[in-house]
Structure formats: structure tokens, C-alpha cells
Amino acid sequence: MKKLGPHLLHYLLLSAIALLCVFPFWWTLVTAISTEGNVFAFPPTFWPKAPSLENFAEVFRVIPLMTFFRNSVLIAACTVLWKLVLCSMAAYPLARMHFKGRKLVFGLILATLVLPSEVNFLVNFITVTKLSLVDTYTGVILPNIVTAVAILLLKQAFEEVPQDLIDAARVDGASEWTIFTRIMLPLIAPWLATVGILTAVEAWNEYIWPSIVMSKPDEFPLSVGVLYLRGTFGSSTRVIAAGTILTILPTLAAFLFAQRFFMRGMDGAVK
Amino acid sequence: MSRHSLVAWLFLAPALLLLAVFSFWPVGFGSYLAFTDYSLIRPTQWVGLENFRYIFENEMFVTGLRNSVIFLLMVPFVQVGALALAVLVNNQLPGIRLFRAAFYVPVVTTVSVVGIMWGFMFHEQGTLNYVLMLFRLVDAPVGWLSHDGIALFAIMFVTLWRGLGWYMVMYLAALQAVPADMQEAAILDGASRWQRFWKITVPMLRPTIAVCTILSVLAALKAYQEVDVLTQGGPMNSTFTALYYAYDQGLKHLKLPRALAASFIVSLLCIGIALACLRYLKPKHR
Chain A
2 MKKLGPHLLH
12 YLLLSAIALL
22 CVFPFWWTLV
32 TAISTEGNVF
42 AFPPTFWPKA
52 PSLENFAEVF
62 RVIPLMTFFR
72 NSVLIAACTV
82 LWKLVLCSMA
92 AYPLARMHFK
102 GRKLVFGLIL
112 ATLVLPSEVN
122 FLVNFITVTK
132 LSLVDTYTGV
142 ILPNIVTAVA
152 ILLLKQAFEE
162 VPQDLIDAAR
172 VDGASEWTIF
182 TRIMLPLIAP
192 WLATVGILTA
202 VEAWNEYIWP
212 SIVMSKPDEF
222 PLSVGVLYLR
232 GTFGSSTRVI
242 AAGTILTILP
252 TLAAFLFAQR
262 FFMRGMDGAV
272 K
Chain B
891 MSRHSLVAWL
901 FLAPALLLLA
911 VFSFWPVGFG
921 SYLAFTDYSL
931 IRPTQWVGLE
941 NFRYIFENEM
951 FVTGLRNSVI
961 FLLMVPFVQV
971 GALALAVLVN
981 NQLPGIRLFR
991 AAFYVPVVTT
1001 VSVVGIMWGF
1011 MFHEQGTLNY
1021 VLMLFRLVDA
1031 PVGWLSHDGI
1041 ALFAIMFVTL
1051 WRGLGWYMVM
1061 YLAALQAVPA
1071 DMQEAAILDG
1081 ASRWQRFWKI
1091 TVPMLRPTIA
1101 VCTILSVLAA
1111 LKAYQEVDVL
1121 TQGGPMNSTF
1131 TALYYAYDQG
1141 LKHLKLPRAL
1151 AASFIVSLLC
1161 IGIALACLRY
1171 LKPKHR
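If you read the protein sequences in the order shown, they are chains A and B.
Each residue of the first sequence is one higher than the one before, starting from 2 at the first, in the working numbering.
Each residue of the second sequence is one higher than the one before, starting from 891 at the first, in the working numbering.
Heads up, some of the hints might be wrong.
Capping the alpha-carbon separation at 20 Å, the derived lysine to aspartate or glutamate pairs in EDC-like fashion look like this [stated by the list, open to error]:
#, chain 1, residue 1, chain 2, residue 2
1, B, 1089, B, 1074
2, B, 1089, B, 1079
3, A, 131, B, 1079
4, B, 1142, A, 136
5, B, 1142, B, 1014
6, A, 50, A, 37
Partial pick of chain A residues on the chain B-facing surface, computed with a CB cut under 7 Å [claimed, not checked]:
#, residue
7, 87
8, 120
9, 121
No lab work stands behind these hints: they were computed from the structure.
These figures come from a predicted structure and were not determined experimentally.
Using N, Cα and C, we set each Cβ at its ideal position, and we do this for glycine too.
Could you put the whole structure together from the sequences, leaning on the hints where they help?
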């Protein structure tokens, strides 16, 4: 008993906070799969009543959910791919080459962390308009490909590769590109996975920028489409709740299966 | 330039190009446009401080700027809360990973979904009012998002809810880097748990606390997404923040110069604070 006492309190505290974090999700899920009773009532419904998937089916009838889903997948996949390619290419020389201007470039990349990037969307909207990229996925993806955090993480990964491997390859006459693609990239694969999965969730969740670039509902990703669903005349709270659940399911699954990537990714970014 | 340098620059070129266009150009060009009457349809003219005069005489921006400063009240709650959470989950108790996951789930949820879900929670007949009335904390349902004196704080709470898990992970990583032998030595010296926390853990965590606090301050000053998905600035413009004003003017009303003047002010505030903090809190080790 002497040992359980403090732990019991500990668990009670943890559970109370966990409830606060998770309850909105639970309520939304219950509302989405229930088909009977009032949605808003005292006391609220904490357990599904007459559960069915009817509300989910209704979501598909009200909005082009599969199209939204495909758009989200497209945006996330392209952002991940391009980010991995371009950011690892940028991180490699910063980590392993000595060249004129290296400190300056590194400083510039660090500076983007301090710059108030949240306000960039105003001018980026002008830029994207001038480049005729409004209503294109290129316009949505392009500003999100290169981020300082990704470059810093990958730079750190490259720094951990033993110098002997690079020297041996150079002696064999391998070009920098061969060393990069054949030796370095495979060795930092776990880090690429970390950056990839963090980016995928970020891109999936992005809401403001796609809603600015994309004007036609058919082009929306899910994060924007789910609000469109809320604005659609006649969609009930239950249907909105069902749409909400469908929107977060992929990111929740990614997070739960790859939890360690999220915890480790942040750790690396701080250093 | 040596061949080696050339190769390095070729590797860097595509990333630098994108950074230049989408990260540096907005700062420079945006700052310039804040002093003009720019629009997509006619030639641009320099108007000096006109846009700034306009926004500072505009009630929505002034309210917004004030609200952005009020948002700073959140910072200590987020930081103390996140550090406390990190301490609570920094152990190997059974099921602890599940709790960590639960605290982090709001972070991986898109802001539009957060807006919808908290819209449900804040509903007059919603769960929050039910619980508060159950414990007799309020007598009648509160209009969390429809009362102009309350809505801003409801939004701040949602921001806190979204942010806790993110900072918790930062602190957790820092806690796990505190050498175990230091704690053990202190235990041998008879230091209590409380003493060890304040005399060993907190000093070791100083750099992380500094970085997280700066990030949190900047995030609070720049908050606007939660406003968009919860209240869109209402009721009666009471939940405008400085950046929400910029967003609203720039993209909903296409008044880009005004929007850029507003974001210029926010940027100045942010850069000023960041520089002051960096100077003051520069980590000494490494």
C-alpha cells in the first residue's frame, strides 16, 4: 500500500489530463456513430446510441470525400518526396563539405526560424498568382518544400556518418553525387523516415494555405473540405462529426503506429 | 571558385532558390508593399505611412493588437503545464506511453478539426456547460463563443489545449538528458524530491525553458488560425488578433497593403522580442 499510494494519485492526475485531451475526440466519435437522441442535451451522450455507419455514408453523399481524400494524399506525398530530396541535398554539403560561404548559408537558413513565417502567405499569394499557380497543387506544395527544421535534422544525421566511409569512396574515385546517393542517403534512412512522417502529418493538416490557393471545392484537401462540410447547408451535426472522424483517422493512425518518430523528431530539432 | 565549392553550391541551389522566393522575398517585398497602395490591377504608388495611420485608427486592428498582447497571458500556463506534464510522464510506469500519446494527440490534429470539435464542446447545450453546471460552477449555460467578453479566452484555451503536448515532448527530451548520477548523488546527500527538482532539474533545463518560452511567446503573438476556425473574429469583432486582421483584410477583402502593414507591426514585435531573448538567454554551453 505504501508504494501504491503516490502512484494512485499520479495515475488519477494523468487520467484527468488525458480525459481533457481526448474527450472532444470521444464525443465526436460517439456523435458520429449514434443515430438516436438529441446531439446537444443535458446530460450529454457519453456512449453511442443505436450505432450505425449511416452518418459516414451521408458524408460521402454531401461532399466529394474521396476527391478530398485523394487531394490530401497527393499534397502530402509530393511535399514529402520533394522535401526529402531537396532538404537532404541542402543538408549534405552543410554537414560534410568545406566551401566558401558555408557559414553565411547556414546563417541564412537559421534566420528563417526567426523570421515571422506565419505572415508569408500574403506575399506568397501574390507570388503564386504571378507564377500562375493559383488553383494548382504545385502552388500549394512549393512554399512548404524547404524548411529549416528539416535541413537541420538531416544535417545532424549526415554529421553522424563516419568520415572513413566517405574517404574510402573518394579514393575509389566516386563522384560526390554517387557518394551522396549510394552511401549517405541509405545510411541516414531512419532520419529520412522521421522527417518524412512528420512532414506527411504536417502537410495533411495544413489548412490556411491550401484554402488560400485552392478556390474550387473539388480541389480542396480534407483539412479544408471538412470545414466546407460544416458550411454546407443541411449537413447535420452528426454528419459533420462523421466527416471530422474521417479527416483525422489517417493522421491518428500514422501517429499511433509511429509514435517514436514524433518524439524523436522533436528532440533532434531542439538541438 | 574551386570545383569542390561548385559542387556544394549545386547541391544547395534548389533549396536556396525556394527559400529565397518563399521565405526571404515575402519579408522584403512585403515590407516594401506595406508603404504602398499595391493592388493587382493598377500601378503601385508609394504612400508612406498612410497604411499604418489607417490601421492604427481602425478599431478592428487596435482590438486585434490588444488581443494579441492578451494572448501572451497563455505563455506561463502553457510552459508550466507542459513542464509539469513532462515530469509526470518522465518515468517507466505501466501504460505511460499511452498517456504520452493521449497528451500529444491534439498536436497532430488539423486546426480545422480542432475548431469543429471545440465548437461542439463550447455549444450552449454542450458538454462543457453540462459539467460546469453539474459541479455548480455556473448557474446557467455560458455562451463561450457568442459572448464578446469570453470568446477570446475560449480561443486561448483551445490554443493551450493544442500546444501542451508539443512543449511536453520538448521538455521530456530535456528531462531524459539530465544525467542520472547527478540525481543519485543528490539523493545520497539527502535532498528531497522537491529540492532535487528545483536545484538540479530546473537549472539543467534552463536552455530548453528559454527556447520553449521564446517559441511560445512568438506563437501567442502570431495566433490567428484558431480564430478563423472558431469565431472568424466575432462576436462583434471581439476576437480579432493582429494577424487575423491581416488575414481578413488581405485575403477576404483583398486590401493587401493594410494587411501587410498589420503583419509588419507583428513582425517587428516578434523580431524585437526574439533578438532581445537571444541576447539575454544565449545558452552558454556547447
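Consistency of the hints with the structure:
no.: 1; hint: B/1089 / B/1074; in the structure: holds (13 Å)
no.: 2; hint: B/1089 / B/1079; in the structure: holds (13 Å)
no.: 3; hint: A/131 / B/1079; in the structure: violated (68 Å)
no.: 4; hint: B/1142 / A/136; in the structure: holds (17 Å)
no.: 5; hint: B/1142 / B/1014; in the structure: violated (29 Å)
no.: 6; hint: A/50 / A/37; in the structure: holds (6 Å)
no.: 7; hint: 87; in the structure: holds (5 Å)
no.: 8; hint: 120; in the structure: holds (4 Å)
no.: 9; hint: 121; in the structure: holds (4 Å)
Violated hints for the displayed structure, listed by number in ascending order: 3, 5.
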